[in-house]
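**Q** Got chain A; can you put chain B on it based on the hints?
Quick mapping for you: the protein sequence lines, in order, are chains A and B.
For the first sequence, the numbering used here assigns the number 1 to the initial residue and increments by one for each residue that follows.
For the second sequence, the numbering used here assigns the number 335 to the initial residue and increments by one for each residue that follows.
Hints may contain errors.
Partial list, computed: chain B residues near chain A (C-beta under 7 Å) [as the list claims (entries may be wrong)]:
{"hint": "1", "residue": "L422"}
{"hint": "2", "residue": "A435"}
{"hint": "3", "residue": "S443"}
If we take Cβ atoms under 8 Å as the criterion, some of the chain B residues that face chain A in the derived model are [what the hints assert, rightly or not]:
{"hint": "4", "residue": "I369"}
{"hint": "5", "residue": "P428"}
{"hint": "6", "residue": "I431"}
{"hint": "7", "residue": "A432"}
{"hint": "8", "residue": "M434"}
{"hint": "9", "residue": "S449"}
{"hint": "10", "residue": "V483"}
{"hint": "11", "residue": "V484"}
{"hint": "12", "residue": "A488"}
{"hint": "13", "residue": "S490"}
{"hint": "14", "residue": "I564"}
{"hint": "15", "residue": "V592"}
{"hint": "16", "residue": "Q595"}
{"hint": "17", "residue": "L602"}
{"hint": "18", "residue": "L610"}
{"hint": "19", "residue": "P613"}
It is worth saying that the hints were derived from the structure and are not from the lab.
Heads up, the beta-carbon is just placed ideally off N, CA and C, and yes, glycines get one too.
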Amino acid sequence: MTRGQRLLAGALAAAVLAGLIVAPLSLGRYGLYVLSLWAVMSIAAIGLNLTLGYAGQVSLAQGAFVGIGAYAAAILTTHGYPLALAVVAALTLSFVVGWLLGYPALRVQHHYLAFVTLAFSTLAFLVFRNEEWLTGGIYGISGVPRPSLFGLSTAKPLPFYYLCLFALGVVTIAFWGLVRSPWGRAFMALRENPLRAASLGVDTRRYTLMAFAIGSALGGLAGSFYAPLAQFVDPTPFTLAMSLNLLMMVVVGGSGFFFGPYFGAMVAVLLPEWLRFAEGYYLILYAILVMLLLVYSPSGALGILDRYLRRRDARIASALRAAAGVGLPDELVQ
Amino acid sequence: MANLVDLIVSGLATGAIYALAAIGFTLLWQTSQTINFAQGEFVMLPAFLILAAMRVGAPFWLAIVVGLALSLALLGFAFKRLLVDPMLRHGVLPLAIATMALSTAMKESVKTFYSAEAQPFPSIAPSGSLSIFGSSVSLQSVGVFAFGVVAVVALSLFLDRTSTGRQMQAAAQNPTVARIVGIPVERMAMLTFVINGALVALASLLVTPIYLAKFSSGDTLGQAAFAAAIIGGFNQVRGAIVGGLLIGVADNLAAAYVSTQYRAAVPLALMIVVILFRPEGLVGRAEERTV
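The following block holds chain A by itself, in its conformation from the complex (with noise of 0.2 Å):
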């Protein structure tokens, strides 16, 4: 990246930003809510992103983990413990959960493993209906309370909107340096060629069982800010639908780009309120919207970008060996 592009990167970034603090402030409560639910689904397909895109992982259970830590968190709220304990208890439990899971990866690989965590999300469905003593069944736990963080009561819409937002900032922070990291590398080596990442020195084992439980616990994280966001848990929301909805989001936003989940999460859960005008059609609408995007581009969307600016870089090199072509002679001569 050159210092230019560098510095568009970072005014483009401020600016999303200042739009995502400003622009809420003339929204409706249901505007709001659909907009702090696009901060915390993106949280969950950010864990996905590591698991399938990065270390190429595939999972069909995130929303199954979502669902685990939106229980956890509802659960010990509702029993008078704070918010940030139950957020680490969240992120603690789809870890550990998470790395359980990834032990079947460690055996099978691709459609095999799908199925595997498929069943998974079914089975832990099953878990949050039938266990009645624990979760409430069908009747759920309502009365999640929203946190008041040094003072300040989050119980508004507004207030709470800005603490998803944070716990956003927080995961993309950290994602990126990630993913930047050593590991990050090690995951990318996984996706690209496990045997020869053995071969060098990676342990394959160790990583994929980490890829599982850290995107695992980004799903936990993102339950346990859904529950008190939508201040009532019941077992509905944390079907196979959502698990597969997240993997849509992770796929169509660009699987493996750092922002593709970001976008990702706003095609699934804004696209279809833009569409609300198709009344009855809009769930139609919008299906057949992916399916186009992704005959157009299976790489996602940010893939169009993506081809689009490798098509400029090698116009622009093109240009430039022409241009150190001409001048060759020149040199020659002399």
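**A** Just chain B now, with coordinates in the frame of chain A:
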């Protein structure tokens, strides 16, 4: 005991239907690496095509013909041409996601354009009941089971005994060599999609009288078909039938004797165990691809 026989027979009947969907599912994977997450909806749709044809006044038999023709055209031909072909070379995952979107589109379309309510559907199997080992067994279950088995046997014979069937197997096992020896690989791939269209139409015809026609009925069917395909072995037609029957029976027995709450967990637990300890499936062989 009386109860047990009935449970097993009705389990075999639903199992045969799962097997039909599972076979189509594995066929698509074999020939075009397509994981069709809309397979359940593929089974749901033909029933509505038939109902729609009957609504405009066609008699039942004509409606079946129309429904079958439309499923071959839409779920076979158009699905391959419009969605699978453009995405195939970009790997398994984007296509899998696109089929997820397709499943949403199909569900919502049926809900919006036809009805959100469950619709009754005429049965092609006879009604009444039969006495086996002193217990009554519904004729419908026996009829559905028989239809399913006949269809699977016919398909296996087609694949093993006819020239076209063997060309399809060759195209699936090794497309490059198949192309060298002059097999029209593209046409064979298209044929599998059309066969899948026929299989789901048949499954739809058999399952809908039992569970009614509803836009959301594909969810459970699709999951059962995945599980059946995995349990039996992803690369075998007879694997899918073993898996389908096993799941149908296990599901029924679990509902009766284990717990209705966790009945859905039984096929999945079975699937996880099979994947972990015998990933090639119960009757599959490792590292082999056969249609």
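**Q** Each hint: holds or not?
**A** Hint check:
1. Proximity of B:L422 to chain A is violated relative to the hint, the smallest CB-CB distance being about 10 Å (cut-off 7 Å).
2. Contact between B:A435 and chain A, as hinted, is supported at the beta carbon level, the nearest pair being about 4 Å apart and thus within 7 Å.
3. The closest approach between the C-beta of B:S443 and any C-beta of chain A is roughly 5 Å, which is under the 7 Å cut-off, so the hint is satisfied.
4. Checking B:I369 against chain A by beta carbon gives a least distance of about 6 Å; that is within 8 Å, so the hint holds.
5. Checking B:P428 against chain A by beta carbon gives a least distance of about 4 Å; that is within 8 Å, so the hint holds.
6. Checking B:I431 against chain A by beta carbon gives a least distance of about 5 Å; that is within 8 Å, so the hint holds.
7. For B:A432, the shortest C-beta to C-beta distance to chain A is roughly 5 Å, which falls under 8 Å, so the interface hint holds.
8. Given hint, B:M434 at the interface with chain A, holds; its Cβ is 5 Å from that chain's nearest Cβ, closer than 8 Å.
9. The closest approach between the C-beta of B:S449 and any C-beta of chain A is roughly 13 Å, which is over the 8 Å cut-off, so the hint fails.
10. Taken as an interface hint, B:V483 does not check out: its beta carbon lies about 26 Å from the nearest beta carbon of chain A, beyond 8 Å.
11. Interface restraint check: B:V484 against chain A, minimum CB-CB distance 29 Å, threshold 8 Å, status violated.
12. For the restraint placing B:A488 at the interface with chain A, the shortest Cβ-Cβ distance is roughly 28 Å, beyond the 8 Å limit, so the hint is violated.
13. Of the supplied interface hints, the one on B:S490 is violated, with its beta-carbon coming no nearer than about 23 Å to a beta-carbon of chain A, more than 8 Å.
14. Proximity of B:I564 to chain A holds as hinted, the smallest CB-CB distance being about 6 Å (cut-off 8 Å).
15. Look at B:V592: its Cβ only gets to about 12 Å from chain A, farther than 8 Å, so that hint breaks.
16. With 8 Å as the threshold, the beta carbon of B:Q595 comes within range of chain A, its nearest partner Cβ sitting at about 4 Å, so the hint holds.
17. With its C-beta approaching chain A no nearer than about 4 Å, B:L602 sits inside the 8 Å limit, and its interface hint holds.
18. Residue-level restraint check for B:L610 holds (minimum Cβ-Cβ distance to chain A is 6 Å; threshold 8 Å).
19. For B:P613, the interface hint holds, the least distance from its beta-carbon to any beta-carbon of chain A being 5 Å, beneath 8 Å.
Checked against the numbered hints above, the structure breaks hints 1, 9, 10, 11, 12, 13 and 15 and satisfies the rest.
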